[in-house]
Amino acid sequence: MALGSKHFKELYKREFENDQLRGNLKKATIQAVDKREESFAEVDFPFLQDQAKKIKQESISHLNEYLSRFDDMAQRNGCKLFYAQSPDEAKDYVLEVARKFDAKTIVKSKSMVTEEIELVPFLGEHGIDAVETDLGEYIVQLAHEKPSHITTPAIHKSRREIAELFHEKIGSELNSDPKFLTAEARKVLREKFLGAEVGISGANFLIAETGDVVVVENEGNARLSTSSVKAHVVVTGIEKVIPKFSDLRIFMRVLGRSSTGQKLTSYISIIRGPRTKTEKDGPEEVHIVLLDNGRSGLLGTEYQDVLHCIRCGACLNVCPIYRNIGGHAYGSVYPGPIGSLVTPLFYGLETARDLPFASTLCGNCAEVCPVGIEIHHHLLSLRHEMILAKKPWMERLIFRNFRKVMLRPRRYEFMGKVVRLFSMANFLKPFMKKWTAYREIPERPPSSFREIYRNNK
Amino acid sequence: MKDSREKIFAAIRHGLRESKKFVAIRNDRSPLKRILNGGFASLFEKFNSELKSLGGEAVVFDDEKDASKFISGHAGERLFVYDEALSGHEHLIDEVSVPVSMSSNFNFGYDKRDAAVFDSALSSCIACIAETGTVVTSNNMRLPAALATKLFVIAESRSLIPSLDDLFKDEYKDFKGSNLFLISGPSRTADIEKELVTGVHGPKEVYVIFINKNE
Numbered sequence: 005m006a007l008g009s010k011h012f013k014e015l016y017k018r019e020f021e022n023d024q025l026r027g028n029l030k031k032a033t034i035q036a037v038d039k040r041e042e043s044f045a046e047v048d049f050p051f052l053q054d055q056a057k058k059i060k061q062e063s064i065s066h067l068n069e070y071l072s073r074f075d076d077m078a079q080r081n082g083c084k085l086f087y088a089q090s091p092d093e094a095k096d097y098v099l100e101v102a103r104k105f106d107a108k109t110i111v112k113s114k115s116m117v118t119e120e121i122e123l124v125p126f127l128g129e130h131g132i133d134a135v136e137t138d139l140g141e142y143i144v145q146l147a148h149e150k151p152s153h154i155t156t157p158a159i160h161k162s163r164r165e166i167a168e169l170f171h172e173k174i175g176s177e178l179n180s181d182p183k184f185l186t187a188e189a190r191k192v193l194r195e196k197f198l199g200a201e202v203g204i205s206g207a208n209f210l211i212a213e214t215g216d217v218v219v220v221e222n223e224g225n226a227r228l229s230t231s232s233v234k235a236h237v238v239v240t241g242i243e244k245v246i247p248k249f250s251d252l253r254i255f256m257r258v259l260g261r262s263s264t265g266q267k268l269t270s271y272i273s274i275i276r277g278p279r280t281k282t283e284k285d286g287p288e289e290v291h292i293v294l295l296d297n298g299r300s301g302l303l304g305t306e307y308q309d310v311l312h313c314i315r316c317g318a319c320l321n322v323c324p325i326y327r328n329i330g331g332h333a334y335g336s337v338y339p340g341p342i343g344s345l346v347t348p349l350f351y352g353l354e355t356a357r358d359l360p361f362a363s364t365l366c367g368n369c370a371e372v373c374p375v376g377i378e379i380h381h382h383l384l385s386l387r388h389e390m391i392l393a394k395k396p397w398m399e400r401l402i403f404r405n406f407r408k409v410m411l412r413p414r415r416y417e418f419m420g421k422v423v424r425l426f427s428m429a430n431f432l433k434p435f436m437k438k439w440t441a442y443r444e445i446p447e448r449p450p451s452s453f454r455e456i457y458r459n460n461k
Numbered sequence: 006m007k008d009s010r011e012k013i014f015a016a017i018r019h020g021l022r023e024s025k026k027f028v029a030i031r032n033d034r035s036p037l038k039r040i041l042n043g044g045f046a047s048l049f050e051k052f053n054s055e056l057k058s059l060g061g062e063a064v065v066f067d068d069e070k071d072a073s074k075f076i077s078g079h080a081g082e083r084l085f086v087y088d089e090a091l092s093g094h095e096h097l098i099d100e101v102s103v104p105v106s107m108s109s110n111f112n113f114g115y116d117k118r119d120a121a122v123f124d125s126a127l128s129s130c131i132a133c134i135a136e137t138g139t140v141v142t143s144n145n146m147r148l149p150a151a152l153a154t155k156l157f158v159i160a161e162s163r164s165l166i167p168s169l170d171d172l173f174k175d176e177y178k179d180f181k182g183s184n185l186f187l188i189s190g191p192s193r194t195a196d197i198e199k200e201l202v203t204g205v206h207g208p209k210e211v212y213v214i215f216i217n218k219n220e
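These protein sequence lines are chains A and B, in that order.
Counted the way this note's numbering counts, the first sequence spans residues 5 to 461.
Counted the way this note's numbering counts, the second sequence spans residues 6 to 220.
Just chain B, same shape as in the assembly:
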């Protein structure tokens, strides 16, 4: 292996020996024609319109009970809840009538078939991007949210950022954990005659729930 590595690096150095070294002058301005700014209301409007165009939905509730009722009304038969989703929102699943399992009940290296029994998952997120209707997650269990048919994401109003320019920055560069997932609406394909079909391997329904307690 070392041999191949050295040979490839030698070939690269040889190829580039007389090449001009180019350094990109990066222009930090946003490529967006209309810069997104303003308060939560205008960013939420943009976020929701983008998410809706993708087949998802964003909602705002003033208290957790209403959010809980919304989840209960849309959840399927079994709900998986990431512990972090309840952080600061202890009453979020109070009104949920379907059976609920918490991520803390799962052991390290659990059997992956156990994650496949949930048709709904409730996750937290670390950011929401208004420009594209995207949620950014980084959970300590990847599978339940990826396998569920319905995905609920709890978001804080402060986590709503205007654009991709705000995500791909140092602040998010040093994320904890092994992965960062950007999710923009339901899973989709247009592989058959370019006809759009949602819910291929991942969630078919995506709901982003903002809880604006005192804001």
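So here's chain A without its partners, still in its complex pose:
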């Protein structure tokens, strides 16, 4: 992990104080939430959510069987499969394929797993120009930044900032019209597509029954990245497998709506293998890299359903924390509520000890999750685990005594008086600076409820 999510406490303050960022985020997330709601009007969301959850439960609880079936079918279709336990294994394999095809340019479509393993900088270190072709990803690549949203990577950037970036990096005229900027990117990237030898994509779903790789997108860049090259490399996680082709009728209806508020994304590529003998173009080879990197460790635990996630990003848009600080504050490839779960679970609690606390536990995330992951409950469990691991003696002492006080009415009454006395004397104020920085201390009542009751009896 490049940034190290250990630094959440410092990062969130910086982002929270950036008014421009908060403005961009507010506008973008409100629009995304409205569009999502509108797009679900025509379909029965609880039904889709229930079915999607059940199918994912089946997929993951039989992962060895479905993955093995996918493996058989994909090989039968002519694909080459590679299993990687770690990011290094995956990266080395992709480099091997790139070298086999003497690749100088690689076109890459959006894939969270390639972000996770930091594939693009790795290929760059080996002299390969690996170009992000999704517009948002291209913008953050030019800016040497990381994506700040799962489906809208440049959500934190304003049109003016992007215009300045294009002017500086690709010599575009200083024009902040999104149409102009998109046309500029099209021009530059078209040449990359035509010059590339290898294309890399992720996968939204892997179908066990047919061995198909399903890639969902809007711009047409994934379609070109997987078609205009000699070799197509799919880099994805082992948890993406689903049992049946017919299951797509559920997932296709929830994915577009949940991520961008579309009934269906503009393009869905169902890729069965390399070009056939009757096809005049398309890749000669299709390689599928299946990454574990901590995923199998979640099987059999209470967090197993985290592997159901279809990376739609709906939980980010409704999260009051994300909406105020954006994705970079999480310091992790996977931001937002799902990122606060995935990061500590994949990389270990120590690497991301603040992230489970980056939540109000309001449950908005679970409500909109198309596969019904109880994100806020899991975050609470992670907090519990972290507290146990940390052994905070002061908190333990306080809560032990708190328990004693709460169990005895006389002690409770006595302590009530003591606390009121101290707070009236402003004694507690210096100890509560962090608490009072953003909150008011409640008004102190002159007498307790019991006293009022007794006096009015």
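No wet-lab data here; the hints were simulated from the structure.
Treat the hints with care, since some could be wrong.
[Stated by the list, open to error] One side of the interface only, derived from the structure: several residues of chain A facing chain B at Cβ under 8 Å:
{"#": "1", "residue": "Gln55"}
{"#": "2", "residue": "Ala88"}
{"#": "3", "residue": "Glu93"}
{"#": "4", "residue": "Arg190"}
{"#": "5", "residue": "Ser232"}
{"#": "6", "residue": "Pro278"}
All values reported here derive from a predicted model rather than from experimental measurement.
All C-beta atoms in this analysis are idealised placements derived from N, C-alpha and C, irrespective of residue type, glycine included.
Based on these hints, arrange chain B on the given structure of chain A.
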């Protein structure tokens, strides 16, 4: 590689050793609140309204000459035609006035820059989905339709199906070829301040043409 494969499968089996195996009870009912049915006219109405909302357009012609005139009026400077698009519609490009190249003129493994010279492409499709205004294609040349600015798709009235429930079935599961593409309107993005822009990497204009000869 074998080592990693075995280790990952061993880790999966180990993780799942005490887990309850869940089998989903799939409910085949459609998630649509209003079931789409009826004849061609009502499905076409829905298809066209969905496609229009995405920035595309669907039209119906009774004969090929009218369709040909429509293509000619909207085509750019050079038109690429997939051979399959003319199957059963021999006169479809009779009235087209711009230079035309047929897919049969391209060799296997042709230079991809040759596909980039066409600003328009005429393709066939294997299905159209009324629910979402989507066309489903599976061509033996992927690039011309993906690179063009204007895409024309010829559809048969029988290929218009009500919903995604009708596509993700056994009938389409065993498609021939290496790929199945679902195209819903023009290529689009909202990556810059959530403002919608069409024609990012793929076609900016999408026209679906139904020819209803005797139907």
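So, against the hints stated earlier in the document, which numbers end up violated here? The structure breaks none of the hints.
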